[in-house]
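Chain by chain, the residues run as shown.
Number of protein chains: 2
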Amino acid sequence: MAETANEYAEPKSWRAPKSSQRLAHVLAQPILSGEVAPGERLPNEQEMMARYGAGRPTVREALRLLETRGLIVLKTGPGGGPIVRRPPKASLSEALSLVLQIEGASFRDVTDARTALEPMIARRAAERVSDRQLDELDASIAALRANPGDHEVFVAQNQRFHTLIAEAAQSVVLDVFVNTLHAIADGVRVGVQYSARKQAAIADAHEAIVDALRARDPDRAEAAMREHLAEAERYWRHRYPELMSRPVQWTY
Amino acid sequence: MAETANEYAEPKSWRAPKSSQRLAHVLAQPILSGEVAPGERLPNEQEMMARYGAGRPTVREALRLLETRGLIVLKTGPGGGPIVRRPPKASLSEALSLVLQIEGASFRDVTDARTALEPMIARRAAERVSDRQLDELDASIAALRANPGDHEVFVAQNQRFHTLIAEAAQSVVLDVFVNTLHAIADGVRVGVQYSARKQAAIADAHEAIVDALRARDPDRAEAAMREHLAEAERYWRHRYPELMSRPVQWTY
Chain A
1 MAETANEYAE PKSWRAPKSS QRLAHVLAQP ILSGEVAPGE RLPNEQEMMA
51 RYGAGRPTVR EALRLLETRG LIVLKTGPGG GPIVRRPPKA SLSEALSLVL
101 QIEGASFRDV TDARTALEPM IARRAAERVS DRQLDELDAS IAALRANPGD
151 HEVFVAQNQR FHTLIAEAAQ SVVLDVFVNT LHAIADGVRV GVQYSARKQA
201 AIADAHEAIV DALRARDPDR AEAAMREHLA EAERYWRHRY PELMSRPVQW
251 TY
Chain B
1 MAETANEYAE PKSWRAPKSS QRLAHVLAQP ILSGEVAPGE RLPNEQEMMA
51 RYGAGRPTVR EALRLLETRG LIVLKTGPGG GPIVRRPPKA SLSEALSLVL
101 QIEGASFRDV TDARTALEPM IARRAAERVS DRQLDELDAS IAALRANPGD
151 HEVFVAQNQR FHTLIAEAAQ SVVLDVFVNT LHAIADGVRV GVQYSARKQA
201 AIADAHEAIV DALRARDPDR AEAAMREHLA EAERYWRHRY PELMSRPVQW
251 TY
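Sequence order for the protein chains is A and B.
Read in order, the letters of the first sequence correspond to residues 1 to 252 in the UniProt record's numbering.
Read in order, the letters of the second sequence correspond to residues 1 to 252 in the UniProt record's numbering.
To be clear, the hints were calculated from the coordinates, so they are not data collected in a lab.
Be aware that a few hints might be false.
Claimed, not checked - Part of the chain B face toward chain A, derived, beta carbon under 7 Å:
no.	residue
1	Val36
2	Glu40
3	Met49
4	Thr68
5	Gln101
6	Val110
7	Met120
8	Val172
Since we're looking at a predicted model, the values are computed, not measured.
Ideal Cβ positions, reconstructed from N, Cα and C, are used throughout, including at glycine.
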């Protein structure tokens, strides 16, 4: 294997994977494969030590690693022990926001990436969207239009619209990326406001995108999404310039 | 705040942030701001308990959280304690690969996302690339051509080429994404081989991209990268069909 410049691929070279890390991955397999369901209890410390021939500190560290990755909860007290759970996707936002803070990323960098990603997602959605999904997109726009100026409805329906399109694109990875970015740098959460008139313009933009999706026209869907996001970015830059240079911070 | 469908933004709702999580974030600030440099030692457990009015279990758990996030190493023995380090970017690949495994993503999903991302990166690179970066890209192609059929050189220079373009795009987030995806699903690491003839064709494709970058032509750079990746994907699908359906696995 030649040397590469990809630091993301580097093993934790300051030391070899510890036995607790290896044990954690062994213990994770039945959880990840769905053999053990959320809510079920894993064997207790004593049983694990016997089954894997590992010392107590190794077992404890392995369980703690699984807990920080969100795969189990360690319940204390009688009847406690390691309980399997479904890891919250928010743990990915946490890891990404940490790396972005270290890299010195700003809100602008994050919106920039969304502006690059979402047109590609719209393009794929035009090739794969189902009739049911088109109906749901229509419903989202109708809800927006039925509640002009209602901030809560706007936030919920705007989020729903973009999530539906990511789902329609059937691209797990892009879906994960764009939702993670939205979680890290959500304009609304940090105070961006939209007037009733602005909200109506956004409903129009959503409608243009859905029209292109319904026509199964990838070029038009991509262009409509690009225009929609460029418009949003212009608005942010104009009205909230200080927001765009704000550094991304480690969330938890 | 209205309810949204974004699970990535959900707080860990099964319980409020624990005091150890809050303490971990307080302790992380001087590390993230660069006030404390890698290699330096943080105060010991006793001092932290006194300074933050926290119990020993809380301090220990906070330190362990920082250790699993790669911000410190806990050295044991005399002269030990929490030592600051630069978190390895590989920790992000770990978190992403875990989410992707849970979501049932395949290698095909990952290459699909790279195929969507890299043309956008090439577009941005055409707008921002420096003369020095163009020279480095030329050097990478020259090294490829000087060693026909050498697998090690090919892997290193291919990686270098794509990393240089991501850097030239000056988009921290896209750079992080594409490098993370490459770390998670690197064809070469799982056995994809390229003949000398194939490698020469890749050098040609790289040259077409660099020509477009040198002309500062975003449309042409995007199209050239799109064609390059589409060709690579056709090759993978044709020669390694079983690889494309392989599920992404949690790496460590």
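Check your understanding: Hey, does the B/Val36 contact hint survive, CB to chain A under 7 Å?
Key -> Violated. Min distance 13 Å.
Check your understanding: Can the hint on B/Val110 be confirmed by a CB-to-CB distance to chain A that is less than 7 Å?
Key -> OK, holds: B/Val110 within 7 Å of chain A, min 6 Å.
Practice item. Grab the minimum C-beta distance from B/Val172 to chain A and call the hint holds if it beats 7 Å, violated otherwise. Key: holds (4 Å)
Exercise for review: With chain A as the partner, please determine if B/Glu40 meets the hint condition of a C-beta pair closer than 7 Å.
Suggested key: At about 16 Å, which exceeds the 7 Å cut-off, the nearest Cβ of chain A leaves the hint on B/Glu40 violated.
Review point. Does the nearest C-beta of chain A fall within a distance shorter than 7 Å of the C-beta of B/Thr68?
Key: holds (5 Å)
Check your understanding: Does the interface hint hold: is B/Met49 within less than 7 Å of chain A, judged Cβ to Cβ?
Key -> Hint on B/Met49: violated, closest Cβ of chain A at ~20 Å, above 7 Å.
Point to revise | Satisfaction of the B/Gln101 interface hint, Cβ to chain A closer than 7 Å | key: holds (6 Å)
**Study point:** Interface hint for B/Met120, Cβ within 7 Å of any Cβ on chain A
**Key:** holds (4 Å)
In terms of the numbered hints stated before, the structure departs from hints 1, 2, 3, listed from lowest to highest.
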